[in-house]
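Peer 1: Chain by chain, the residues run as shown.
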Amino acid sequence: MSLLQRDRDIILSNEYVDNFDFAEVEEFVKNASKNLFISHKFKTNKNKTLVQPRGGFPTYDKMYALYEQFAPVVDVLPMTIDSHTRLNDYGSAAKMLRLSEETETDLLNGYPLINHGYRTTRKMVTHFDTPVSLRHGTPDARLLIELAIASGVFEIEGGPITYILPYSKNFPQDKAFLYWKHVERVCAKYSTLNEPINRESFGPLTATLVPPCITIVIQIAEMLLSLEEGVKSFSVSFAQTGSLNQDLVTSKVLRKLATKYAHQIGVTDATINLVYHQWMGAFPRDKFKSDSLINAGAMIAAMVGADKIITKTRAEAFGIPTKEDNAQAVANVQYTLNMLRGVPSFVDEEEEENLTNQVDEIFEAIFNDKADTLWRKVFNSIKNGIIDVPFSPHIINNNELITVRDKQSNIRIYKKGKLPISEKSFKYEQSKIDLGENPDSVVNQIIHDIGVML
Amino acid sequence: MLIDVGSTYFKVATKNGISHHFRNFDKNIYDDLVFKCGDEIKNYEKEDIQICSSANGGLSTLIIGLTESFSLKYASNIAYNSGINIIETVVYSQIETYPVPSEMLDVVIVVGAIDSVENVYDQTLIDYLDKLNYSNIVYVGSKTQVEFLNKNIENLVILPNIIDNKLKMVEDDLKEYLTNLYQADIMGKEDIKKLYDLTANQIFSTPYIVNQSLPLIHTKLNVADPFIVIDIGGATTDIHYSKDLVDDNIITENEYDRLVFKKLGVYKSRESLVHTAKNNEFVYELLAHLNTTENMLDDKGESATKLLMKLSIFLVLYKISHHHKSYLNIKLDTLNSIVLTGGITKVLDDAEMEDIISFFYKKLLNYDTTPTLVVDKDYAIWTLGMNK
Amino acid sequence: MKVVIGVVGNDIHVVANRLIDISLQSRGYEVFNLGVNTYLEEFIDAVIETDAKVLLISSLNGEAEGWCRDLLVLKDKYKLDDVVFVIGGNLSVGEGDESQIVPKFKEYGFDLVFHQKDLMEGLDELNSFVQSKFGGEN
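Chains as they are written, first to last, in my numbering: chain S, 1 to 454; chain G, 1 to 388; chain D, 1 to 138.
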């Protein structure tokens, strides 16, 4: 028996898992309808940006109702997992689920997949015969993804960096790399049976003034760590930056370099997709502004030729969206996308060159690290500040990189910390920044920049 | 050939398997080892013999630092992961309230304050050190104090600060020093020094070897992360744990950290083990569950020893759970595996050990099931570490 | 001048923490940032290890009171009367009454208390306080 299988056996003998039948799950995946695989949908829907909303409820009935509402009008259904499950606290999730069912209120902020179990969940997923995407934020997702795949959820979001640095203070980063390696191997294993399981990195990160070079480096790093293990379909993603120009450049460079670096590690047979998140920062409370923001995001997704868009609703500033909020947002996005088929692609070449250089410069430093495995090179790079995510709460993050917006709202590097970008690249960034002499102006600028959509 | 010199017995691994022999304390280690295994040893070249040792209960250290959250925490973490067994800590500002240890210390570690801070230590420290008996002393604190300390302390080893200017831990220098302390210290101990006649390789401390083997543990045992390894031996009880089981805000190279409970050794610290047991509010229920009474604790026979071993499993789990405020707090509910190793695996059988763990999880954590118990009867972990 | 900062208790509001970090640095302070989810004992220990003259605790979720009760005891135990203790953020759940909140936290041992105050105003006030106490050296 392989080591991987032994580990899986132990992990799945968890007290909250009801008798996991490996052979049966493999049969299920092998014979599953192609319509459940987003990897298949990506291949067959070449000219459309797939629309995926957000959502998740604690009880099976409410989740079912959500899918009933969404299935006719969206391309991919979301399965958002609750916070207790993300921290592997299935006991608390069970308790809150029971209370939610009894009191008919939502005491969890997502679907407790482990407690519902895969047999139940699979009934729902297969009924709708639409791809479902697992959205969570789990550092140790080894058990969760098994139940997801067994339920017919064939897209797994997340990664060792994107699910740790934005959320956690001290989950050991090296352990996260190892746990996610396990996840990649399981996904790769299932990918040999039918269409591939798709993995998607979480591009928004802290969604607060993250410079595109950092987003792209982390996206590609997680992609490489996944492709290394045999995953055949991977989505890189990023969130609306707040500058149209920067979104265009980011998507072009991300796609270009993802392919280049995949080839560099010898992987030429994987499909790489691009996913665009609508604005993930502070959302306007004014409904006209929020509608406009959502509209603009849809337009940009079309312009960058995103394979999938993850949408927001006008309720973002207030709380959980109502049925109406959801319906309205999806209709808005689909309508806008429909208007924008066949958009010519154009990009600011100078920006493209600058961003490409920055990403290459950072990767050169990462690959030069003395460690003998890629994950450890990346781990050391985070420790050494070569990768630095603004506003990460994690103790390992270097916190020396400071960014502000320029007059066109592009995110620029003001202080580079230990980022190994060349003098030329850094000068380019600085040349775009226009701040006053007052020492408080940087912070005031940042405060303004964070609230740019308000 | 792999040899482990323990506090109660030798462990020897060859291609023929693993054997262990109780030590004869009337002989010195070298003579005893050669008497018992001399024939086998002759079959191997010095380069092919590896020895590790935790004889005499392992190295002991006293750490004097400024605070619990930084100097003492960092120095203790480094010391435990280097294989040091006994650690006493002293908060410098309260130094007058600490009793002066009378036994011989292998090493004193003085730590505290980032490099830019002045006036950290004064004569109070020197006076305290003068009352101690120690073989080695090392300073890993603020560099502004180096001159003063050098002037007043003989044979002081000075290494870079283990706290950097961002209050993060810097482990490499102190870790290397402590790991090699065995080497340096052994030269001062005739007992173990002679062992270098048998091997051409550096002799490490056993717990260091065990800790190094853990990333590969799942190649030998049915274990999945996160896990804990409880090593219950004659002198102490060690616990190694995956770092995602705690919230300690330290970034280290280690995936697994280590802690030692010196009061839970079944042979060498039997009295303190009994004392700890008697003071635990749940032990009486446990004794009832085991169909025995506290009178057994004071007995000297073999069944009393067995009972004490069972208790030490319970007490270790208790100390690392949220029930016990000091030490550390391990997320016992996210554990995938518990590994038991050490002398205890030769005395208790699997069912007996599972029973205690099950009792603990039911009574104290209100769980219906327990993590998988894996018993390392054949010293797989030790072999793995020695071969690395 | 050295200052220790961080967010107290089970609070993960990292943006404010980082902005305070950058602001203080741009005003010439040497900043030791313990980050979010930090406990009072760690704050005090950091002050001791760095010999900082200022401790600036943030709390954004309104739960500061529960986490800061032992300040006077610790100040006394480690003889920290020479250190400036500041607390700022959202110091009560809901709007709260400043005229009650400020005296309460001063009784807990804080020299400066800022409830829902503008960041720059608060730091200006800190600057003046520090200058008058330590004689205008940054």
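Please keep in mind that the hints were generated in silico from the structure rather than gathered at the bench. Possibly wrong hints are sitting among the right ones.
Residues from chain S shown here face chain G by an in silico Cβ test under 10 Å; the list is partial [said to hold, decoys possible]: (1) 8; (2) 11; (3) 15; (4) 19; (5) 34; (6) 67; (7) 175; (8) 395.
As a list, the in silico BS3-like pairs of lysine-lysine whose alpha-carbon atoms are at most 25 Å apart [what the hints assert, rightly or not]: (9) G/331 to S/95; (10) G/194 to G/46; (11) G/143 to D/79; (12) D/53 to G/166; (13) S/181 to G/388; (14) S/169 to G/11; (15) S/432 to S/415; (16) G/73 to D/75; (17) G/73 to G/263; (18) D/75 to G/168; (19) G/388 to G/220; (20) G/73 to G/46; (21) D/106 to G/143; (22) G/262 to G/11; (23) S/34 to S/169.
All C-beta atoms in this analysis are idealised placements derived from N, C-alpha and C, irrespective of residue type, glycine included.
Peer 1: For each hint, tell me whether it holds in the structure or not.
Peer 2: For each hint, the structure was consulted:
{"no.": "1", "hint": "8", "verdict": "holds (8 Å)"}
{"no.": "2", "hint": "11", "verdict": "holds (6 Å)"}
{"no.": "3", "hint": "15", "verdict": "holds (4 Å)"}
{"no.": "4", "hint": "19", "verdict": "violated (13 Å)"}
{"no.": "5", "hint": "34", "verdict": "violated (33 Å)"}
{"no.": "6", "hint": "67", "verdict": "violated (31 Å)"}
{"no.": "7", "hint": "175", "verdict": "holds (5 Å)"}
{"no.": "8", "hint": "395", "verdict": "holds (6 Å)"}
{"no.": "9", "hint": "G/331 to S/95", "verdict": "holds (19 Å)"}
{"no.": "10", "hint": "G/194 to G/46", "verdict": "holds (13 Å)"}
{"no.": "11", "hint": "G/143 to D/79", "verdict": "holds (23 Å)"}
{"no.": "12", "hint": "D/53 to G/166", "verdict": "holds (16 Å)"}
{"no.": "13", "hint": "S/181 to G/388", "verdict": "holds (23 Å)"}
{"no.": "14", "hint": "S/169 to G/11", "verdict": "violated (42 Å)"}
{"no.": "15", "hint": "S/432 to S/415", "verdict": "holds (13 Å)"}
{"no.": "16", "hint": "G/73 to D/75", "verdict": "holds (21 Å)"}
{"no.": "17", "hint": "G/73 to G/263", "verdict": "holds (20 Å)"}
{"no.": "18", "hint": "D/75 to G/168", "verdict": "holds (24 Å)"}
{"no.": "19", "hint": "G/388 to G/220", "verdict": "holds (13 Å)"}
{"no.": "20", "hint": "G/73 to G/46", "verdict": "violated (39 Å)"}
{"no.": "21", "hint": "D/106 to G/143", "verdict": "violated (37 Å)"}
{"no.": "22", "hint": "G/262 to G/11", "verdict": "holds (22 Å)"}
{"no.": "23", "hint": "S/34 to S/169", "verdict": "violated (40 Å)"}
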